[in-house]
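Participant: Assemble chains B and C onto chain A, guided by the hints.
Residue numbers (the working numbering), protein chains in the order written: chain A, 1 to 313; chain B, 1001 to 1247; chain C, 2001 to 2286.
The reader is advised that the hints may include incorrect statements.
Stretch-level coverage of chain A by chain C, calculated; a stretch enters the list once three of its residues show a Cβ under 8 Å from a Cβ in chain C [unchecked claim]:
1. 109–119
2. 228–236
3. 284–291
Just so you have them, the derived chain B footprint on chain A, three or more residues with Cβ under 8 Å [as the list claims (entries may be wrong)]:
4. 171–177
5. 184–195
Here are the in silico distance ranges between beta carbons for each label pair [as the list claims (entries may be wrong)]:
6. C:F2132 x A:L266: 52 to 58 Å
7. C:G2127 x B:V1018: 53 to 59 Å
8. A:A16 x C:P2185: 49 to 55 Å
9. C:V2081 x B:R1076: 47 to 53 Å
10. C:P2185 x B:V1018: 27 to 33 Å
11. C:L2163 x A:V270: 42 to 48 Å
12. A:Q143 x C:V2081: 52 to 58 Å
13. C:L2163 x B:D1143: 51 to 57 Å
14. C:V2111 x B:V1018: 51 to 57 Å
15. C:V2081 x B:L1118: 42 to 48 Å
16. A:Q143 x B:R1121: 39 to 45 Å
17. C:A2128 x A:A74: 46 to 52 Å
These are computed hints drawn from the structure, not numbers from a lab.
Heads up, the beta-carbon is just placed ideally off N, CA and C, and yes, glycines get one too.
Here's the letter readout for the chains.
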Amino acid sequence: MIRVLLVAAFSLLLLAPALSPSDFYVNVATQILIAAIFALSLNLLVGYGGLISLGHAVYLGVSAYLTIWLVTRAGLSHLPAAVAAVVLTTAMSLLFGILALRATGLGFLMITLALGQILWGLAYRWVSVTGGDNGLSGFQRPQPFGIDLASPRTFYLMTVAVFACAFVLIAVLVRSTFGAGLRGVRDQPRRMQALGWHVWMVRLVAFVAAGFWGAVAGVLYAYYNQFVSPHVLALTNSAEALLMVIAGGAGTLLGPVVGAVVVVMLKNVVSAYVTRWVMLLGLVFVAIVAFMPEGLVPGIDRLRRRRRPAGTT
Amino acid sequence: MSAEALRLEGLSKSFGGVPAVRGVSLAIADGERRLLLGPNGAGKTTLFNLVTGDLPPDTGSIRLFGREISRMAAHRRVHLGLARTYQVITLFPRDTLAHNLELALLGLSPLRWNPVALLSRRPELRERALAVLDRLGLRAAADRRLSDTSYGEQRRVEIAMALSQEPRVLLLDEPFAGLSQEERRDIQQQLAAIPRRVTVVMIEHDLDVALSFAERITVLHQGEIIVEGSRAEVVADARVQEVYLGT
Amino acid sequence: MRFWVIQSLNGLALGGLLFLLSSGFSLIFGLMRVANLSHGAYFMLGAYVGLSVLNAGYGFWTAVVAGALTIAILGGVIERVLLRRLAGRTFSQVLVTLGIAFIIADSSLLVWSGDPMPLPVPRGLMGAVPVFGVFFPKYRLAVVGISIVTAVALWALLERTRLGAMIRAGVDDMEMARALGIPVPRLFTAVFCLGAALAGMGGVLGGPILSVYPGLDMDMLPLALIVLILGGPGSLPGAFAGSFFIGFLYTFGQALFPQLAYVILFLPMVAALVLRPKGLFGARAA
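Isolated chain A (complex conformation) (with noise of 0.2 Å):
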């Protein structure tokens, strides 16, 4: 009963935001919903793989500029072009993955941080391909079945159902039996392969499906901007995901949700009265990293069990 009641709770507030009368806001929460399906696919390595990424704005930005390029340059209609993209970018995951699981720890977040950085570098450089500095734009939401995704509420209800399927497969994902595994292989990697668990296997799976979804997230993105530049690729957008996982909490289903739309909303706020992003982010990272490191939501979470008596669920 009280989960039908927090569900219920939960869509409202996914809706809700469709009936502002501003733009403004609708655009916000459409921001925070992409966010939120990016951060999740991040958590999947960070929270529940205890792998930490310092390159996933790869995914997300290398699907963002196939989405565009694959319709603009290439000339193809925007389904095909969507599911190309995820395709790919997810194909390069496996890539990336099987690199970067050559180490784990330290080395894991130094291969990552090098690829996504290499991404980046391309991105500026290869002006005939990417548009360099000026990236690829003249694109446009199509208006499939007479819908017309151009409107902010229209567009904003598509997240909604995208980012909907994303938080129940994700859900999914995590409480199964291979979750248990991702988790037991963060926790004890050495015990899970003495179980017989392939433990580089099972991480290379989270790395994927991290992949999958970061590429989803990028498609949304495309489909939001209609522009997409090398800034998408920059650490800066990899280190903000990371950001609301852990300031969020990462390895819970909720954390990277509430961390998005901290961020995104900490972001909007400032850029409205001052231009030092960067410098805040950075502020918010040392602060979070040094100050609670467990993030916000398992933090909750312990104030509610402690308000509890031990035992009832």
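Facilitator: Same frame as chain A, but now just chains B and C:
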């Protein structure tokens, strides 16, 4: 004559030029209870790590029921019926006892690759985990977090996890380490209940409990086997007196 | 022929700068297990400090010393105040250095604005000298010379002094080093300051060649990462060989395939990752 469960031939491993295991050859019969003795640094745990695949050997071969496994990935050896415990308890402290056992059961099940099969909707898995805990007398604690149980209980869970996989060969690394008298008795009972079809190799310093369990003893010293034989033979051996019982 | 000679010399000059950047990065990683993601920002900030010192009317070498000292002090403060509080929490340390990198980058943008600014070549090193039949800027040769002298000095420090012996002991086995009574906290501060100073110095020395601009930090950081991946953590010879290798590769890549130079950098890294049987960092980084 019974078949051989495990045969090692000329197995060697060194770390940075320092040999830890030197040319070890030994054969363990199917269903045997074997004790590995030796002072600290004799290479016993390294030998286990070579057999399980935690470490690759420098030279030598390992046969599990006649099958060469020395180059096989560690997790695949588990699927051939090899299980182990660790000297330092290596479990999942934040998870419940039942969950710990479910991870062991999943390790050999194709379900482990299923990303849509909710763990909570697998009552058969939980039932099997509870059955294992029942045998340990820990069923009531099934939903307690492992970190909230006593050290002795964790030791029993550690062994039960390996046994729940119904291995053909079980490697026990100091199962009695750090336990009280009473807890030792619990473990002794647990070990005595292991079916005869399971081959058990144990490293243990506590001679009282270990000798009552093992049929044959292999004594290692500085990475080499110095004596192998029955309890009486080993205890009477002059070299053992010198290197092991003497120290 | 001319092309190859000039580009080889350019590769040497870039390799020298990379060595100043990555030797410290590698030593810090090898000893402290801290992947200092501010290292590129130190390089850039060093260059900006050098620029300000030059603009204030001081000489080039004063600017080099000032850049190195400022960054060394900054590094020391960061190590003492932030990294030490997080001792043992590897990921927190890395993420804090990332946050600091953002703060430095944005502060620099605020102070020095967004335009690329070249540092002037010191007067005594203007002009070119004939090398293998081509005229090559004196200053770039000087950078190569300075980096080789620095490498020798670092080597002597590590191999011939007590401090160096302690650093080597720490890189090999931290527990053993502690057990031997080596003052590990002071050693950490010393190495962190040293690494920061080298980065700051590299930034000023690189100024006349690379200029200084927002984003220089993020251009340099991946190069240091790749050098570390190729050379191995905490290895001075590895950092030396890796720096010159990447210096050559990047220079030739940019000259021959300007749009794809970055991808070419990626190839040796992939090769190193695939070919080393146990991965790069072995069990130590896990």
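Participant: Does each hint hold? Answer for all of them.
Facilitator: Verification of the hints:
1. 109–119: Our answer is that it holds, as 8 residues pass the Cβ test (under 8 Å) against chain C, meeting three.
2. 228–236: n = 3 at 8 Å, threshold three: holds.
3. 284–291: Per the Cβ count (5), the hint holds.
4. 171–177: As far as the segment 171–177 of chain A goes, the hint holds, because 5 residues have Cβ atoms under 8 Å from chain B.
5. 184–195: holds (count 9)
6. C:F2132 x A:L266: 52 to 58 Å: Holds: the Cβ-Cβ distance is about 57 Å, inside 52 to 58 Å.
7. C:G2127 x B:V1018: 53 to 59 Å: Hint holds: Cβ distance 58 Å, inside 53 to 59 Å.
8. A:A16 x C:P2185: 49 to 55 Å: For A16 of chain A and P2185 of chain C the Cβ distance comes to about 53 Å; the hint holds.
9. C:V2081 x B:R1076: 47 to 53 Å: At 49 Å between Cβs, range holds.
10. C:P2185 x B:V1018: 27 to 33 Å: Given a distance of about 31 Å, which is inside 27 to 33 Å, the answer is holds.
11. C:L2163 x A:V270: 42 to 48 Å: About 45 Å separates the Cβ atoms of L2163 of chain C and V270 of chain A, which means 42 to 48 Å holds.
12. A:Q143 x C:V2081: 52 to 58 Å: The hinted range 52 to 58 Å holds for Q143 of chain A and V2081 of chain C, with Cβ atoms some 56 Å apart.
13. C:L2163 x B:D1143: 51 to 57 Å: The hinted range 51 to 57 Å holds for L2163 of chain C and D1143 of chain B, with Cβ atoms some 55 Å apart.
14. C:V2111 x B:V1018: 51 to 57 Å: Between V2111 of chain C and V1018 of chain B, where Cβ atoms are some 55 Å apart, the hint holds.
15. C:V2081 x B:L1118: 42 to 48 Å: 47 Å, holds
16. A:Q143 x B:R1121: 39 to 45 Å: 41 Å, holds
17. C:A2128 x A:A74: 46 to 52 Å: 47 Å, holds
Violated hints for the displayed structure: none, as all numbered hints are satisfied.
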